[in-house]
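Asker: Chains as they are written, first to last, in the numbering used here: chain A, 18 to 462; chain B, 46 to 280; chain C, 6 to 189.
These are computed hints drawn from the structure, not numbers from a lab.
Check before you lean on any hint, since a few could be wrong.
Claimed, not checked - Listed next, the in silico BS3-like pairs over lysine-lysine satisfying Cα-Cα at most 27 Å (straight line):
1. K345/A with K382/A
2. K183/C with K100/C
3. K382/A with K344/A
4. K183/C with K266/B
5. K236/A with K249/A
6. K254/B with K382/A
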Amino acid sequence: MTTSTQGFTEEATAGAKSFEATGGDWSDIAEEAVRLGEERIVVNMGPQHPSTHGVLRLMLEIDGETVTEARCGVGYLHTGIEKNMEFRTWTQGVTFCTRMDYLASMFQETAYCLAVEKLLGITDDIPERASVIRVMMMEFTRIGSHLVCIGTGGNELGATSVMIHGFNGREEILRIFEMITGLRMNNAYIRPGGVAQDIPPGALEAIREADGKIRTYVKYLEDLLLANPIYKGRTVDVGTLNLAGCMALGVTGPVLRSAGLPYDVRKAAPYCGYETYEFDVPTSTESDSYSRTVLRFEEIYQSLRIIAQCVDRLQAMGPGPVMVEDKKIAWPAQLAIGSDGMGNSLDHIRHIMGTSMEALIHHFKLVTEGFRVPAGQVFQRVEAPRGELGVHVVSDGGTRPYRAHFRDPSFNNLQAVSLMCEGGQLADVVVAVASLDPVLGGVDR
Amino acid sequence: MSHEQDRELTAPHGTGGETVDVRLGMFGVKGSGDTSGFGGLVAPVVMPGPSPRPYGGWFDEVVDVLAELLEESGTGFDAAIEQVVVDRGELTLDVRREHLVEVARHLRDDQDLRFELCLGVNGVHYPHSTGRELHAVYPLVSVTHSRQLRLEVAVADADPHIPSITDVYPANDWHERETWDFFGIIFDGHPSLARIAMPDDWPGHPQRKDYPLGGIDVEYKGAHIPPADDRRSYS
Amino acid sequence: MGIEEAAPSGFLLTTVEQVAGHARKGSLWPVTFGLACCAIEMMATGTSRFDISRFGMEVFRASPRQADLMIVAGRVSQKMAPVVRQVYDQMSEPKWVLSMGVCASSGGMFNNYAIVQGVDHIVPVDIYLPGCPPRPEMLINAILELHAQIKSAPLGVNRVEAARAAEAAALEATPTSKMMGLLR
Numbered sequence: 018m019t020t021s022t023q024g025f026t027e028e029a030t031a032g033a034k035s036f037e038a039t040g041g042d043w044s045d046i047a048e049e050a051v052r053l054g055e056e057r058i059v060v061n062m063g064p065q066h067p068s069t070h071g072v073l074r075l076m077l078e079i080d081g082e083t084v085t086e087a088r089c090g091v092g093y094l095h096t097g098i099e100k101n102m103e104f105r106t107w108t109q110g111v112t113f114c115t116r117m118d119y120l121a122s123m124f125q126e127t128a129y130c131l132a133v134e135k136l137l138g139i140t141d142d143i144p145e146r147a148s149v150i151r152v153m154m155m156e157f158t159r160i161g162s163h164l165v166c167i168g169t170g171g172n173e174l175g176a177t178s179v180m181i182h183g184f185n186g187r188e189e190i191l192r193i194f195e196m197i198t199g200l201r202m203n204n205a206y207i208r209p210g211g212v213a214q215d216i217p218p219g220a221l222e223a224i225r226e227a228d229g230k231i232r233t234y235v236k237y238l239e240d241l242l243l244a245n246p247i248y249k250g251r252t253v254d255v256g257t258l259n260l261a262g263c264m265a266l267g268v269t270g271p272v273l274r275s276a277g278l279p280y281d282v283r284k285a286a287p288y289c290g291y292e293t294y295e296f297d298v299p300t301s302t303e304s305d306s307y308s309r310t311v312l313r314f315e316e317i318y319q320s321l322r323i324i325a326q327c328v329d330r331l332q333a334m335g336p337g338p339v340m341v342e343d344k345k346i347a348w349p350a351q352l353a354i355g356s357d358g359m360g361n362s363l364d365h366i367r368h369i370m371g372t373s374m375e376a377l378i379h380h381f382k383l384v385t386e387g388f389r390v391p392a393g394q395v396f397q398r399v400e401a402p403r404g405e406l407g408v409h410v411v412s413d414g415g416t417r418p419y420r421a422h423f424r425d426p427s428f429n430n431l432q433a434v435s436l437m438c439e440g441g442q443l444a445d446v447v448v449a450v451a452s453l454d455p456v457l458g459g460v461d462r
Numbered sequence: 046m047s048h049e050q051d052r053e054l055t056a057p058h059g060t061g062g063e064t065v066d067v068r069l070g071m072f073g074v075k076g077s078g079d080t081s082g083f084g085g086l087v088a089p090v091v092m093p094g095p096s097p098r099p100y101g102g103w104f105d106e107v108v109d110v111l112a113e114l115l116e117e118s119g120t121g122f123d124a125a126i127e128q129v130v131v132d133r134g135e136l137t138l139d140v141r142r143e144h145l146v147e148v149a150r151h152l153r154d155d156q157d158l159r160f161e162l163c164l165g166v167n168g169v170h171y172p173h174s175t176g177r178e179l180h181a182v183y184p185l186v187s188v189t190h191s192r193q194l195r196l197e198v199a200v201a202d203a204d205p206h207i208p209s210i211t212d213v214y215p216a217n218d219w220h221e222r223e224t225w226d227f228f229g230i231i232f233d234g235h236p237s238l239a240r241i242a243m244p245d246d247w248p249g250h251p252q253r254k255d256y257p258l259g260g261i262d263v264e265y266k267g268a269h270i271p272p273a274d275d276r277r278s279y280s
Numbered sequence: 006m007g008i009e010e011a012a013p014s015g016f017l018l019t020t021v022e023q024v025a026g027h028a029r030k031g032s033l034w035p036v037t038f039g040l041a042c043c044a045i046e047m048m049a050t051g052t053s054r055f056d057i058s059r060f061g062m063e064v065f066r067a068s069p070r071q072a073d074l075m076i077v078a079g080r081v082s083q084k085m086a087p088v089v090r091q092v093y094d095q096m097s098e099p100k101w102v103l104s105m106g107v108c109a110s111s112g113g114m115f116n117n118y119a120i121v122q123g124v125d126h127i128v129p130v131d132i133y134l135p136g137c138p139p140r141p142e143m144l145i146n147a148i149l150e151l152h153a154q155i156k157s158a159p160l161g162v163n164r165v166e167a168a169r170a171a172e173a174a175a176l177e178a179t180p181t182s183k184m185m186g187l188l189r
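Isolated chain A (complex conformation) (with noise of 0.2 Å):
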């Protein structure tokens, strides 16, 4: 540290940091100002965003209008979800783990009751109608998923109605979540070993009227978006990566598929049935924004198809058992929906009850300390909205998961921000960011 011209001692700033800013450093500063310091800019596109698609951090270094850097922030979400699974019993888990990716639980659900399953080796004795309820709920969290997509992308490109029917194709939905689940969202119906209970008398007709209605919304959205020369201007040739930089980067869902690979889960290591229904893959090779649109309003229709196919199976099957037969894992309860929306199953309560102390015993059991899963590992892998969803889980042998992992697609496909962005103007980065649907929640889980 040297002292600068007008005398200053050094033991007034002992320590801290001096820059001097005479003589030699200042015209090294000066002239690096002149290069760089003026042009660039530090932007924070910080967590708190209407444009960011949740809590997501957005440092952008840009230079006029054009993005130089682009880096992201996660963590502002962080809810230690994974750790909190390890203090609850295996069925608890699933109203953890649904609260990951929030616009997608069912397929957090799933993919986690799928990996106890297979840990507990009671994949092939899943009655078919919990299968196919499944893989019904899973197509609609799909839509529902999608159509939010589309609904806040328009909003952050300033479009609000789309918004309006975006949401509104997807209240159809909530109904019927609610009928079936009793509740909009964050349902913790899929349990290991089936789901919670049955669908209830008039769901099949409700779920075959909402399809009429999901149509018609859907319809409003492409005629909204799809033909619109602003929505084109802005979606076209923006956010592009092509195929090398989703393999290089481990993307997988809409934007793989938008950049000509129709890798598909549900078709590559097919699960909950899903090799017995007929639906194709939509691809595409352009491999920007607007083609993951174009991708997501195909998906909506496809995902249509398979549920009025479940539907069909669903009609055709007639009532039966949708947990597993093992009295030693199937959650014991099937509860009814009272009138005011809670409810116990009167009869069961009564039955269990009256018939033994053992039973009593076992319901209770069952319920508080759970079933002992053997130990091991598991990975399994769904198709979810956003790309391939993955659970790691290792039990040791008791009634906690010991580790449950979830690889969310969202964390994996943010990487890419950095790749879509920099070169690109300040407003495609919001396009970009929204073609690629990060739902920060399972970013940061």
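Add chains B and C to chain A, keeping to what the hints say.
Answerer: Just chains B and C, lined up with the frame of chain A:
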């Protein structure tokens, strides 16, 4: 795949795997007070062990091709791979950390293997498994052949270094940061190993077993319910 | 604030209170502070099935300066807490806080190292709304309660008196942790 092959894959192979913990007692009661006799129970927690050949399905082919590549490159199959575990229809290769990058590269590049996607790293902490406390698990997926397998690396708490595979699979960038953040496994060669989910100056690594769950007592009109890791446990 | 701060309690002040209260609750603009699942329900409340536009609230202002109400919708993590406080500080008076959902009110099901156990550790909350997530109708209920609170809020000398009275009552009351033996 035929049903018989499915059964083959799902039947548990191998016994005598790694003992990661020994559970003493049954009801979580510490000290005297448990007069049931279950307090004397000693139950080792044993993870599935190495499987005998044939592994079943496509596992043999993959292991053979990998063994060939490792022998060719001079590393040697036994030096790189500690054990091969086939359990519940899934293949796990326990890899020694020195050869992790090479094994990953072979798995990605060879045309019969072609595991293009690495679905991240997961850390698992076994505090009682001395010398091998921290495990890092890498699930790999082959898009071409529709296969998946798992690489597992075990390191000791005292020396938690694992070479980073971001050169082979750039997708692992954030996943390795997350594993460092939550477990303290240091990935050598990672471009920027910084915390990702916790604030940058957070002390400790939250998802280790010796890190408390945190949380506060829930109080309501004089009653206190402690957070989940402090409560009495009956199992 | 203005002349009503100096006006004596009486007819004039009461009239000003009524007008100001009515105006304030009539167009209470929320700041976009959706964090997690509750944010989706908050967005659903803004869309046409539940429509908070009928209360003048569909404009979610991104800038805290232009907003009156901060609906903390979702779980507040340790990393996000300073941001919550900063946005609250940047809002201009008068401002209110509605903590939506159990995670914002008390930490919810996540009683752990990562979540702030209730956003009232960071900002003063006017209305707590339980639910996981609360239905849009529940959110509207909470907003209407808040509207009632705002409409009848005292101003000027009345406000000072009301604050003194509330403080005296709070000092006399039993703290919640001392209310023992009530669970029977």
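Asker: Hints first: check each against the structure and report whether it holds.
Answerer: Each hint, compared with the structure:
no.: 1; hint: K345/A with K382/A; in the structure: holds (10 Å)
no.: 2; hint: K183/C with K100/C; in the structure: violated (32 Å)
no.: 3; hint: K382/A with K344/A; in the structure: holds (12 Å)
no.: 4; hint: K183/C with K266/B; in the structure: holds (7 Å)
no.: 5; hint: K236/A with K249/A; in the structure: holds (17 Å)
no.: 6; hint: K254/B with K382/A; in the structure: holds (26 Å)
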